[in-house]
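Asks: Whenever a hint applies, use it, and build me the whole structure from the sequences.
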Amino acid sequence: MYCKNCGKIVDEDSLYCNNCGTRLETDMIYADRLNAGQKIKLTAFKYVEEEKIEQFKNATFKV
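With the first letter of the sequence shown counted as 1, position 6 gets the number 5 in numbering that gives the first Met the number 0; the numbers rise by one all the way through.
Among these hints, one or two may not hold up.
Using C-beta positions, here's what the derived DEER-type ranges look like [what the hints assert, rightly or not]: (1) L14 - T59: 17 to 27 Å; (2) T59 - R22: 17 to 27 Å; (3) K61 - K7: 37 to 47 Å; (4) T59 - G20: 21 to 31 Å.
For the record, the hints were derived by calculation from the structure and aren't laboratory data. Ideal Cβ positions, reconstructed from N, Cα and C, are used throughout, including at glycine.
Replies: Next up, the structure:
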């Protein structure tokens, strides 16, 4: 997989580009991995991830 911002190769399980730090899309479908006519099921992984980020932003920490 390639970063859409800088074009560098990134691991497929990465959430961010190691080169430029751009957040990678986690709900991409790779056409070269699907057979014509194959049915797929999409999940809301991206939305769950964003919900976790919001929870972290609103968290309070004791020092």
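Asks: Does each hint fit the structure? Answer for all of them.
Replies: Results of checking the hints against the structure:
no.	hint	result
1	L14 - T59: 17 to 27 Å	holds (24 Å)
2	T59 - R22: 17 to 27 Å	holds (25 Å)
3	K61 - K7: 37 to 47 Å	holds (39 Å)
4	T59 - G20: 21 to 31 Å	holds (26 Å)
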